[in-house]
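Put together the whole structure using the sequences plus the hints.
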Amino acid sequence: WMIVTSNGVALTQKTDPKLCLIRPTICEMSQTMNLDFPYTKSVSIPLISNEEPNRIGAFLCQSKVCGDQIQGIDCGDPVADWLSEALCIDGLRLIQHSERDQRLSKTINHNQTISLSNQAQFLLINSKSVAWLIGKVTDSIDYYPLSDDNNLLDGYVDRFRGNLIVESKQELDEQHWESLEINDIQFNVDGQCQRC
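According to UniProt numbering, the stretch in the sequence shown is residues 1 to 196, in order.
Quick caveat, the hints were computed from the structure, so don't treat them as lab data.
Heads up, the beta-carbon is just placed ideally off N, CA and C, and yes, glycines get one too.
Watch out, some of these pointers could steer you wrong.
[To be verified] Straight-line Cα separation of at most 27 angstroms, DSS-like style, residue types lysine-lysine; simulated pairs:
{"no.": "1", "residue 1": "K169", "residue 2": "K128"}
{"no.": "2", "residue 1": "K14", "residue 2": "K41"}
{"no.": "3", "residue 1": "K14", "residue 2": "K128"}
{"no.": "4", "residue 1": "K41", "residue 2": "K18"}
[Said to hold, decoys possible] Each pair of labels, with its calculated beta carbon distance range:
{"no.": "5", "residue 1": "G135", "residue 2": "K18", "range": "27 to 33 angstroms"}
{"no.": "6", "residue 1": "N183", "residue 2": "P78", "range": "15 to 21 angstroms"}
{"no.": "7", "residue 1": "P46", "residue 2": "D173", "range": "36 to 42 angstroms"}
{"no.": "8", "residue 1": "R23", "residue 2": "I48", "range": "30 to 36 angstroms"}
{"no.": "9", "residue 1": "F187", "residue 2": "D77", "range": "33 to 39 angstroms"}
{"no.": "10", "residue 1": "D36", "residue 2": "D154", "range": "18 to 24 angstroms"}
{"no.": "11", "residue 1": "D77", "residue 2": "K169", "range": "46 to 52 angstroms"}
{"no.": "12", "residue 1": "D90", "residue 2": "D173", "range": "43 to 49 angstroms"}
{"no.": "13", "residue 1": "E181", "residue 2": "P38", "range": "32 to 38 angstroms"}
{"no.": "14", "residue 1": "K169", "residue 2": "Y39", "range": "41 to 47 angstroms"}
{"no.": "15", "residue 1": "S179", "residue 2": "R159", "range": "36 to 42 angstroms"}
{"no.": "16", "residue 1": "T15", "residue 2": "S179", "range": "32 to 38 angstroms"}
{"no.": "17", "residue 1": "P46", "residue 2": "L152", "range": "20 to 26 angstroms"}
{"no.": "18", "residue 1": "D16", "residue 2": "D77", "range": "18 to 24 angstroms"}
Structure (structure tokens):
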């Protein structure tokens, strides 16, 4: 999913930091996603959208992600109104990735399709590498020294907005990984994050 403005541009946390306050919850039983935002009644949308053109409130729309034209399904007026009210921005729409969209990754594995993400489906952050980086930035150590309390390190790790947070034995280990397995699910490394 992605949120787009009235002119079809993807809304990002960089342009609107309040996005971090939206909490999605997937309910497998009801096959819905619930969105919560402080002081706002939650809204629910179906996980699987019907792409049939006669479906009321849903249509194929186009937007851009990192300069690529993408296709998605508009999730309807109720969630659009909820987003606009929660974020105080008129004309927002929630777009679900369409099976018809076959945008390819621009990283190492060029024939891998990606959904609505910038570079890869997941971003992995190694907390050991973040601690190492903090040690290299002397100004941050002067003002915010790392202690045994991991709360400060967690705050720094959160700034990278990773989907998967790991702690390896050595800092920068992740630069040499080709894959990672978590609970029998294998993740292939597409490359280093350009943003990070």
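Evaluation of the provided hints:
1. For the given pair, K169 sits about 8 angstroms from K128 by alpha-carbon distance, which is consistent with the 27 angstroms threshold.
2. Proposed proximity of K14 and K41 is supported: the alpha carbons are some 25 angstroms apart, at most 27 angstroms.
3. The suggested pairing of K14 with K128 holds, with an alpha-carbon distance near 25 angstroms, which does not exceed 27 angstroms.
4. Restraint check for K41 and K18: the C-alpha separation of about 16 angstroms stays at or below 27 angstroms, so the hint holds.
5. G135 and K18 have their C-beta atoms about 32 angstroms apart, which keeps the hinted 27 to 33 angstroms range intact.
6. Range check, N183 to P78: about 35 angstroms between beta-carbon atoms, so the 15 to 21 angstroms window is missed.
7. Range check, P46 to D173: Cβ separation about 40 angstroms, and the 36 to 42 angstroms hint holds.
8. At about 21 angstroms, the CB distance of R23 to I48 disagrees with the hint of 30 to 36 angstroms.
9. Separation of F187 from D77 is about 36 angstroms and conforms to the stated range, judged on CB atoms against 33 to 39 angstroms.
10. D36 and D154 have their C-beta atoms about 22 angstroms apart, which keeps the hinted 18 to 24 angstroms range intact.
11. The beta-carbon spacing between D77 and K169, approximately 51 angstroms, falls within the hinted interval of 46 to 52 angstroms.
12. The hint said 43 to 49 angstroms for the Cβ distance between D90 and D173, and at roughly 46 angstroms that hint holds.
13. In this structure the supplied range 32 to 38 angstroms holds for E181 paired with P38, their Cβ-Cβ distance being about 37 angstroms.
14. Checked against the hint of 41 to 47 angstroms, the pair K169 and Y39 passes, with Cβ atoms roughly 43 angstroms apart.
15. Remark: the range hint 36 to 42 angstroms for S179 to R159 is contradicted by a beta-carbon distance near 26 angstroms.
16. A hinted range of 32 to 38 angstroms for the beta carbons of T15 and S179 is consistent with their spacing of about 33 angstroms.
17. For P46 paired with L152, a C-beta distance near 40 angstroms fails the hint of 20 to 26 angstroms.
18. Checked against the given bound of 18 to 24 angstroms, the beta carbons of D16 and D77, roughly 21 angstroms apart, stay inside it.
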